[in-house]
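Kindly produce the complete structure, drawing on both the sequences and the hints.
Going down the list, the protein sequences come from chains F and D. Taking numbering that gives the first Met the number 0, the leading residue of the first sequence gets 0, the next gets one more, and so forth. Taking numbering that gives the first Met the number 0, the leading residue of the second sequence gets 0, the next gets one more, and so forth.
Among these hints, one or two may not hold up.
Stated by the list, open to error - Partner residues are not named here, just some residues of chain F that face chain D (Cβ under 7 Å, in silico): (1) L16; (2) S20; (3) F21; (4) H24; (5) F25; (6) V78; (7) Y83; (8) F84; (9) G85.
By construction, these hints were calculated from the structure, which means they are not laboratory data. In this text, all values refer to a predicted model and were calculated from it rather than measured experimentally. Glycine is no exception: its CB is placed at the ideal position from the N, C-alpha and C atoms.
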Amino acid sequence: MWLKYPIIIFIFFIASLFQVSFLPHFGIMGGIPDFIFILFFILIFFNPPSHETSARQRKPNEYYYAFFLVIVAGFFSDVFLPSYFGISMISFLVVYYFKKLIVYFMKEVKDKYFIFYFIPIFSLCFILNAVILYLFSIFLLFLPRSGIPFVGQFDLGPIILIRLVYSLVFACIGFYIYEKISNFLNKDRQLKLL
Amino acid sequence: MNFFTKDKKFKLSQLQSSQAHAIRLWQKILMGVIISVILIVFLNTFQTQIKNYFYFMTAPFFKAFWQSGDNVSDFFESFLNAGGITQENNNLKQENQQLLSQINLLHKTIKQSQSIKEVIKNTQKDDFKFILAEIIGLDSDFIMLNKGSDDGILENMPVISGQKVVYGKIFKVYKNFSQVMLISNKNSVLDIKVGPWESLQVQQDNNPEKNSIYGAVKGGGKLSLYLDLVPLEAEINQGDVLISSALEGIFPKDLLVGKIISKNKNDLKPFQTAQIQPFFDVKNVDNLFIITDYKK
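Right under this line is the structure:
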């Protein structure tokens, strides 16, 4: 289903506009949810739809899919930063592999308590993303013509917790929405023998 | 033996397959890294153009989202702040009252400044010292001023306005207040001289004493004045202006008193009289000047 790729690009585009122009009016002590990260994480959290590929091809497709998401999410995140392209892309790539590492050591669960696996993994990945961006802002201080306004935009402090909680609320909503959509798309259309 | 060889060959083929798979995987990873680096370099080379074009294309959406966000947040803010609106309203009312009283005070100050400027301008040639006072009360033909003995006020000091109009004299002095007897008081008598304003100007330039008609302005009570003690042969006319003559020694000369409205000439009486429209207007003045020292 090639149509999902332009749809994903369009959704990220809307999410980025929403984050930059609509959400600033609803900030809590200056913190707003990171819609791009939420969308990215939900998409990588749920593996590519199993109906799309055979078991043999699934693994390579998973990496292509993740690569595509990293590029798209990273682009829309970096376009609003007053610094270089690629910073968010690298951060999202690290988050992706970190998530894979965590999930590797966890028992695979797909039931009604799945949300309780989603929340801590999301929180850890969100903080990791914030730390990576903060480290980049420190690193760029020492580079000439690096875009000084970037520095200070990602502070590690109480604001991270506010942003995390705020993002978590929307992430949980997005989780259930995606689950419903995913279940609808994966519905077994075979007739069942009674 | 054949079985052992077959097993060995099978394991060898498996190993070769996994090695090939690993090589293919590394090739894919390397390809991915190269593509990413090329993409990042490309994006950063044309960073300004890409971002500018992106902002240009999304500007209408930005505006729409921004305005809708503003409207929605205002809507919810009204609910969240509902409890504080009453308090804020009361605070604003209080602040408004304070500001109004401050404005009132400032207006007073401005008026005082203007009065001072006026009196300085009008008394440039005179050798007077003034104290500015405010009218705080009016009772019959007496007014109360907010300056008293603490300010150097003494009885019989003349009281005028900024336009050199005579109001009266200090009648009684208290510590911080003074009572002024207006010239309209029935007990007041003021020596004046009569003449048309233009002729008075000519007199001041050429012959100050020629054609001067002298008389006395007496108070008629209830803020009214009348002219008396004008000789029958003197020609006084409607519209003639009366000014102080300084003959009684209390009021300086050339202070404005009033204007003749109508004259009353009776051959059976030794003097002619006239009704006067006074220049002083107690109800529309706030600041007066007490002359503390003048040279006769």
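query: Looking at the structure, which of the earlier hints fail to hold?
result: No numbers; nothing is violated.
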